[in-house]
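*Asks:* If you're matching them up, the sequences are chains A and B in order. What the first sequence shows, in our numbering, is residues 1 to 389, in sequence order. What the second sequence shows, in our numbering, is residues 1 to 206, in sequence order.
Calculated directly from the structure, the hints in this document are not laboratory data. What you are looking at is a predicted structure, and each value in this text was computed from that prediction instead of being measured. Certain hints may be false.
These stretches of chain A come out as covered by chain B in the derived footprint (C-beta under 8 Å, 3 or more residues) [stated by the list, open to error]:
id: 1; segment: 23 to 36
id: 2; segment: 89 to 98
id: 3; segment: 110 to 120
id: 4; segment: 260 to 270
Partner residues aside, some chain A positions facing chain B, computed with beta carbon under 8 Å [to be verified]:
id: 5; residue: P18
id: 6; residue: G72
id: 7; residue: N105
id: 8; residue: S106
id: 9; residue: N107
id: 10; residue: G125
id: 11; residue: G134
id: 12; residue: G135
id: 13; residue: Y136
Virtual Cβ for every residue (Gly too), placed ideally from N, Cα, C.
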Amino acid sequence: MRALTFHGTHDVRVETVPDPEIVNPRDAIIEITSTAICGSDLHLYDGVIPGMQKGDILGHEFMGRVVETGPGSTLRKGERVVVPFTISCGGCFFCQLGQFSACDNSNPAEKQDASEAAYGHAMSGIFGYSHLTGGYPGGQAQYARVPFSDVGPILVPEGIDDEQVLFLSDILPTGWMAAENAQIRPGDAVAVWGCGPVGLFAVQSAMLMGAGQVIAIDHHPHRLDLARGLGAEVIDYTQTHVLEALMEMTGGIGPDAVIDAVGMESHGLAPDNVMDTIKQKVGIGADRGHVLRMALMAVRKGGRVSIPGVYGGMVDKFPIGALMQKGVEVRTGQTHVQRYTRDLLNRIMEGQIDTTFLISHRLPLEQAPDGYRNFRDNQNDWTKVVLKP
Amino acid sequence: MTRASTRIAVPIALAGAAVAVYFLTQQSRPGHPPDSAPGRTARQGWFGDYKVAGRSITIAAPRQELFARWTNPAELSRFMQNVRSVGEGPDGTWRWIVAGPLASEVTLVTRIVETRKGEFLAWRSVEGSEIEAEGKVFFRDAPAGRGTVVEAIIAYQPPAGTIGHWIAKAFRADPRMQGRHELKRLKMLVETGEIATAANRREERA
Ligand SMILES: NC(=O)c1ccc[n+]([C@@H]2O[C@H](COP(=O)([O-])OP(=O)(O)OC[C@H]3O[C@@H](n4cnc5c(N)ncnc54)[C@H](O)[C@@H]3O)[C@@H](O)[C@H]2O)c1
Ligand SMILES: [Zn+2]
Ligand SMILES: [Zn+2]
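Can you build the whole structure from these sequences, using the hints too?
*Replies:* Right under this line is the structure:
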């Protein structure tokens, strides 16, 4: 089959690799009809997430048709499914709690040592996302082997477009969980850093959860427009002092909840970000924590901080004083996708949520390397890329 | 069995190793009485000539089921991936062919010296074994209905002393690492019916 493989920083290639087959009883093989490039893929592309190996197949947002099933799968050939990016067994202590991205049984035993060293514990397996989360071949390919296919994949009714449901695989539940983690009460003011797919879905979700005011922050005019279109007020951080503006726009209180939908590769020329960028480039495991620092400074006393943005290592100059003194509550995590897919599918079917407004480009899989380059370098116009294998 | 008594149980069973040495190396700091942590977590990891390794894991299954799996050679070789073969001989000993460093193979001959069904078993290497080792496995009810805590402890003489130990570690044949992986694989097998792998094809499977 054809698949997009990793060869080093900013070097991804479409190659011919062996087709996957059923390996474990609960596996299914999916023939992929649509797959997307995620902001998380850019962290791999930029070489700032450790544990990638040459030849790894990328991609964790995909859907398609079942072409083969193991004896323990509940899927049937021909069924249409969206596949969550987190691989979860459904039965372990964590899966039972709904903490699917903490599944104990999906990250291969021999792969867990590195994440135990890096994070204290090993998290679940994730498709196409470095050997820290299992080294599973991803879904930017013609076919994928899906373990625990009786748990994760969600059946999609016929007659509904791929593009309406594809983002159930990651960014829609991620934006939703980001808003849920912000514990929004009716009328709350919520600030969201980053108007990428995750930030935009967080804005949309916060609105649905009853926020009275959502303020979205970015520097790309078109992305800010998309946020405006969802009902947000916007701040262009290259034009405005963000902290001052947030205070003034919230009656001198500060946002009740803040959401960092940017993560470890913050843009901008703020002095702390310039320092972090240098440290990240020399590879001493330093993440760029600029947005998280800002969010902690901005949030009101006793407010909530939600971090869907991905971090992989250490952050310097972390304002722990602001966090502690203000009595702030922090919630974060790789998304527990399986917890949200059913509810969100219903909301899509009922027309409550539209996901297609995001998609700016549709490319054949063969052009995936162009897709990566533009999604990284032309972010203003390239808001979401869907690949067709 | 409390954690403190588990710690004591290891050295008592060590064939030939001086029990006193264990306590001395383990707990001799003046003004610091023994704490509650298991001996294998001591900062000083050598007990005489022996290295002690161990790991606990919580598995969502009853003690009896896990005990039965652990005492069935066919089951053992399913989750112990470094074990090339294991079989029970007519004299009650078990002969294990274990993958060693650098594609070598090591033969381990053991005998179960004590069992309490569903709770505990102890084994020891016997004549003909290339490694001096002994181990204990405890099966205890986990709190709050989480299943069973399986605690496996092994005391072994590393091949060729410290250097051999480091070489083994470099080639991923360190018993501590193997033990950790094996317990996780057992958990996967019991809780999900399969052992997680990222292999895309059957022949790639480690
Ligand atoms: N928690 C999860 O499970 C999960 C899932 C998917 C994605 N993510 C993460 O969410 C983050 C966003 O993903 P995405 O797909 O939207 O990525 P993206 O790269 O398309 O968007 C990031 C946006 O942040 C903006 N930005 C950068 N620096 C900023 C700053 N200082 N202030 C304000 N805005 C700034 C960029 O201009 C861009 O529009 C990434 O870190 C991604 O890895 C997390
Ligand atoms: Zn993603
Ligand atoms: Zn699980």
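*Asks:* Evaluate each hint against the coordinates.
*Replies:* The hints, checked one at a time:
no.: 1; hint: 23 to 36; in the structure: holds (count 4)
no.: 2; hint: 89 to 98; in the structure: holds (count 4)
no.: 3; hint: 110 to 120; in the structure: holds (count 4)
no.: 4; hint: 260 to 270; in the structure: violated (count 0)
no.: 5; hint: P18; in the structure: 6 Å, holds
no.: 6; hint: G72; in the structure: 6 Å, holds
no.: 7; hint: N105; in the structure: 5 Å, holds
no.: 8; hint: S106; in the structure: 5 Å, holds
no.: 9; hint: N107; in the structure: 7 Å, holds
no.: 10; hint: G125; in the structure: 7 Å, holds
no.: 11; hint: G134; in the structure: 5 Å, holds
no.: 12; hint: G135; in the structure: 4 Å, holds
no.: 13; hint: Y136; in the structure: 5 Å, holds
Consistency note: the structure conflicts with earlier hint 4 alone.
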